[in-house]
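J.: Each chain, written out:
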Amino acid sequence: DAGVIQSPRHEVTEMGQEVTLRCKPISGHNSLFWYRQTMMRGLELLIYFNNNVPIDDSGMPEDRFSAKMPNASFSTLKIQPSEPRDSAVYFCASSPLYSTGFEQYFGPGTRLTVT
Amino acid sequence: QKEVEQNSGPLSVPEGAIASLNCTYSDRGSQSFFWYRQYSGKSPELIMSIYSNGDKEDGRFTAQLNKASQYVSLLIRDSQPSDSATYLCAVTNSGYSTLTFGKGTMLLVSP
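Those sequence lines, one after another, are chains C and Y.
The first sequence begins at 1 in this note's numbering and counts up one residue at a time.
The second sequence begins at 1 in this note's numbering and counts up one residue at a time.
These are calculated hints, taken from the structure and not from any lab test.
Please read these numbers as outputs of a predicted model, since none were measured by experiment.
Quick reminder that beta carbons are idealized off the backbone N, C-alpha and C, glycines included.
Just to be clear, a hint being listed does not mean it is correct.
[What the hints assert, rightly or not] Taking lysine-lysine pairs in the DSS-like style, the calculated list, with each CA pair at most 27 angstroms apart, reads:
#1 C/K78 <-> Y/K67
#2 C/K24 <-> C/K68
#3 C/K68 <-> Y/K42
#4 C/K68 <-> C/K78
#5 C/K78 <-> C/K24
#6 C/K78 <-> Y/K42
#7 Y/K42 <-> Y/K56
#8 Y/K67 <-> Y/K56
#9 Y/K2 <-> Y/K67
#10 Y/K103 <-> Y/K42
#11 Y/K103 <-> C/K24
#12 Y/K56 <-> Y/K2
#13 Y/K67 <-> Y/K103
#14 Y/K2 <-> Y/K42
#15 C/K24 <-> Y/K42
[Unchecked claim] To spell it out: a stretch of chain C is covered by chain Y in this simulated footprint if at least three of its residues, at any positions, have a beta carbon under 8 angstroms from a beta carbon of chain Y; those stretches are:
#16 48-61
#17 104-110
All chains, full assembly: derive it from the sequences and hints.
T.: Given below as structure tokens:
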């Protein structure tokens with residue numbers, strides 16, 4: 001069974017450009033999470049979807065960030081305009097959301113560099 | 001602000017020894033606890049979950065939970081160089097199905 005799929009794996013862009021990161025969750029999982037990881041701040045939750053509906057976007061750093069989940073098999077995280085401080089690894093994770101456990105399974109990540 | 005604290009390390013142990021990784025958390029309502037392993041340049045990989053007080057064993061790994069002390073630990077027996085990685089502790093947020101992650105402990109196992 002395929003795991004979480006993310007694209008692109010690496011993205012280098014110039015400040016001010018729009019960046020779109022893509023994620024396909026594991027089939028049958030109904031929760032999807034976008035994280036950002038840096039050395040300084042560790043792994044931070046940006047936004048969480050349940051059944052394609054955004055539940056908690058309090059981690060989105062500012063209005064330059066937006067996320068969508070148009071269907072159960074696809075989500076995007078967009079940064080517009082991008083800034084050098086957005087450079088990080090962005091992970092997408094999905095979860096089957098059992099009643100007692102909330103195991104999350106991570107994609108390979110997108111390494112974003114903004115120059 | 002819910003917090004999950006881990007010693008950043010590195011924790012260095014010789015091959016064959018027991019590695020002990022610790023984590024404390026601030027949210028008393030947390031119900032589920034996880035350990036993820038992250039190799040350099042890779043994504044976090046779930047290796048253990050624990051939901052009730054006590055010990056849970058899976059192969060060379062043992063997770064320990066003490067909710068009264070708000071403490072979770074991971075023991076790795078017979079450590080191997082391939083266990084060298086950063087280990088992330090994750091805790092569910094009360095009332096939510098989201099996780100708060102610690103910053104991780106780097107483990108180095110020397111041959």
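J.: Under a C-beta cut-off of less than 8 angstroms, do 3 or more residues of the region 104-110 of chain C approach chain Y closely enough to confirm the stated coverage?
T.: Held - the region 104-110 of chain C has 6 residues with a Cβ nearer than 8 angstroms to chain Y, which meets the minimum of three.
J.: Holds or violated: Y/K67 and Y/K56, Cα atoms, limit 27 angstroms.
T.: 14 angstroms, holds
J.: For Y/K2 and Y/K67, compute the direct alpha-carbon distance and say whether it is at most 27 angstroms.
T.: 15 angstroms, holds
J.: Need the status of pair Y/K2, Y/K42: alpha-carbon distance at most 27 angstroms?
T.: Holds, at roughly 26 angstroms.
J.: Has the given pair, Y/K103 with Y/K42, been kept, meaning a C-alpha gap of at most 27 angstroms?
T.: Judged against 27 angstroms, a Cα distance of about 15 angstroms means the pair holds.
J.: Does C/K24 pair with Y/K42 here, judged by a C-alpha cut-off of 27 angstroms?
T.: 18 angstroms, holds
J.: Can the restraint linking Y/K56 and Y/K2 be considered satisfied, given a maximum Cα separation of 27 angstroms?
T.: Given that 27 angstroms is the threshold and the Cα spacing comes to 25 angstroms, the pair holds.
J.: Does the alpha-carbon distance linking C/K78 and Y/K42 stay inside the 27 angstroms limit?
T.: Holds, at about 22 angstroms.
J.: Straight-line Cα separation of C/K78 and Y/K67 no greater than 27 angstroms?
T.: 39 angstroms, violated
J.: Keeping to a limit of 27 angstroms between CA atoms, is the pair of C/K68 and Y/K42 held or broken?
T.: Distance of about 25 angstroms is within 27 angstroms: holds.
J.: Is the Cα-Cα distance between Y/K67 and Y/K103 27 angstroms or less?
T.: 20 angstroms, holds
J.: If you draw a straight line from the CA of C/K24 to the CA of C/K68, is it 27 angstroms or shorter?
T.: 12 angstroms, holds
Hint check: a violation occurs at hint 1 only; the rest are consistent with the structure.
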